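Peer 1: The primary structure of each chain is shown beneath.
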Amino acid sequence: AQSVTQLDSQVPVFEEAPVELRCNYSSSVSVYLFWYVQYPNQGLQLLLKYLSGSTLVESINGFEAEFNKSQTSFHLRKPSVHISDTAEYFCAVSDRGGGSNYKLTFGKGTLLTVNP
Amino acid sequence: KAGVTQTPRYLIKTRGQQVTLSCSPISGHRSVSWYQQTPGQGLQFLFEYFSETQRNKGNFPGRFSGRQFSNSRSEMNVSTLELGDSALYLCASSLGTGWNTEAFFGQGTRLTVV
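Just so you know, the sequences run in chain order A and B.
Position 116 of the first sequence, counted from 1, bears residue number 230 in this note's numbering, the numbering being contiguous throughout.
Position 81 of the second sequence, counted from 1, bears residue number 97 in this note's numbering, the numbering being contiguous throughout.
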């Protein structure tokens, strides 16, 4: 069975500061990795994903995450946050079976609060 | 193109009643998954349908059921509602085959059981 651990339930930071949201996973099979963001009263939006290839993946709004297979981690980083980045962030995995066994296993989420 | 549409957005039901939630996936997507989100348990997988067949099911009681129609639209049903069923129910659609497992989520249906 897969599991995802997001080590921090809340992360408060000041605007323009760097941030790292931590995610570790456990799985007996190879996985795909995702970060989703949820704004208040909204569904989930895909922020970035790792499927294969380069272990460093980037989003269009300045976030990046690095897949570390040896440490089973997929931490999310941004060098300088904005007030508008305030949201809840979820790390998720799905196994590479994809297709016939598709499902996402989510972490508990990290609430990022960016203060002025 | 239109995103994933969930209806209704908000629902209030009484204990013991049943409820049906609807999800229209992105055009061309054949996989629809359902998740329950609560403050205590987080996001939990309910089930996934692909081409009208349930391919995977989470660890929920039989009161939770679903189906998918030939146009890929999906419904989930919860019977004999309990207070603990109060949650945000999220639907996600994807192409659902091979590498194309990226899931797109709807805005959810907020169910309150009183």
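The hints are simulated quantities; they were obtained by calculation from the structure and are not laboratory data.
These numbers were taken from a predicted model, which means no experiment stands behind them.
Some hints could be false.
[Stated by the list, open to error] Okay, derived cross-link-like pairs now, DSS-like style, lysine-lysine, Cα gap no bigger than 30 angstroms in a straight line:
#: 1; chain 1: A; residue 1: K183; chain 2: A; residue 2: K163
#: 2; chain 1: A; residue 1: K183; chain 2: B; residue 2: K29
#: 3; chain 1: B; residue 1: K73; chain 2: A; residue 2: K163
[Stated by the list, open to error] A few chain B residues that don't get close to chain A, going by computed Cβ distances all over 12 angstroms:
#: 4; residue: R25
#: 5; residue: Y26
#: 6; residue: V35
#: 7; residue: Y51
#: 8; residue: G74
#: 9; residue: R83
#: 10; residue: N93
#: 11; residue: T96
#: 12; residue: G100
#: 13; residue: G124
#: 14; residue: R126
#: 15; residue: V129
[Claimed, not checked] Listing some non-contacts, in silico: residues in chain A with all C-beta distances to chain B over 12 angstroms:
#: 16; residue: V118
#: 17; residue: L121
#: 18; residue: E134
#: 19; residue: Y139
#: 20; residue: Q156
#: 21; residue: L165
#: 22; residue: T169
#: 23; residue: P193
#: 24; residue: S194
#: 25; residue: S198
#: 26; residue: A206
#: 27; residue: K222
#: 28; residue: T227
The beta carbon of each residue, even a glycine, is placed where N, CA and C say it ideally should be.
Peer 1: Beyond 12 angstroms on every Cβ pair: is that true for E134 of chain A relative to chain B?
Peer 2: holds, 21 angstroms
Peer 1: Minimum C-beta separation from P193 of chain A to chain B exceeding 12 angstroms: can you confirm that?
Peer 2: The claim holds: P193 of chain A sits with its nearest Cβ about 26 angstroms from chain B, beyond 12 angstroms.
Peer 1: Measuring Cβ to Cβ, find out whether G124 of chain B lies farther than 12 angstroms from everything in chain A.
Peer 2: violated, 5 angstroms
Peer 1: Could you let me know if the closest chain A CB is still more than 12 angstroms away from the CB of Y51 of chain B?
Peer 2: violated, 8 angstroms
Peer 1: Is it the case that V129 of chain B keeps its Cβ farther than 12 angstroms from each residue Cβ in chain A?
Peer 2: Holds, since 19 angstroms exceeds 12 angstroms.
Peer 1: Taking 12 angstroms as the cut and beta carbons as the points, is A206 of chain A off the interface with chain B?
Peer 2: violated, 8 angstroms
Peer 1: Over 12 angstroms from every CB of chain A: does G74 of chain B meet that, or does the non-interface label fail?
Peer 2: Not fine: 7 angstroms to the nearest Cβ puts G74 of chain B too close to chain A.
Peer 1: Holds or violated: is the Cβ of V118 of chain A farther than 12 angstroms from all Cβ atoms of chain B?
Peer 2: The claim is violated: V118 of chain A sits with its nearest Cβ about 10 angstroms from chain B, within 12 angstroms.
Peer 1: Against chain B, does S194 of chain A hold up as non-interface, every C-beta pair farther apart than 12 angstroms?
Peer 2: Its Cβ never comes within 12 angstroms of chain B, the nearest being 27 angstroms, so this holds.
Peer 1: Please confirm whether N93 of chain B is truly not at the interface, meaning its C-beta sits more than 12 angstroms away from all C-beta atoms of chain A.
Peer 2: holds, 19 angstroms
Peer 1: Can we confirm that no CB of chain B comes within 12 angstroms of the CB of L121 of chain A?
Peer 2: holds, 14 angstroms
Peer 1: Is it correct that the beta-carbon of Y139 of chain A has no partner in chain B closer than or equal to 12 angstroms?
Peer 2: Y139 of chain A clear of chain B: closest Cβ-Cβ about 14 angstroms, beyond 12 angstroms.
The structure is inconsistent with the numbered hints 2, 4, 5, 7, 8, 13, 14, 16, 20, 21, 26 and 27, although it conforms to all the rest.
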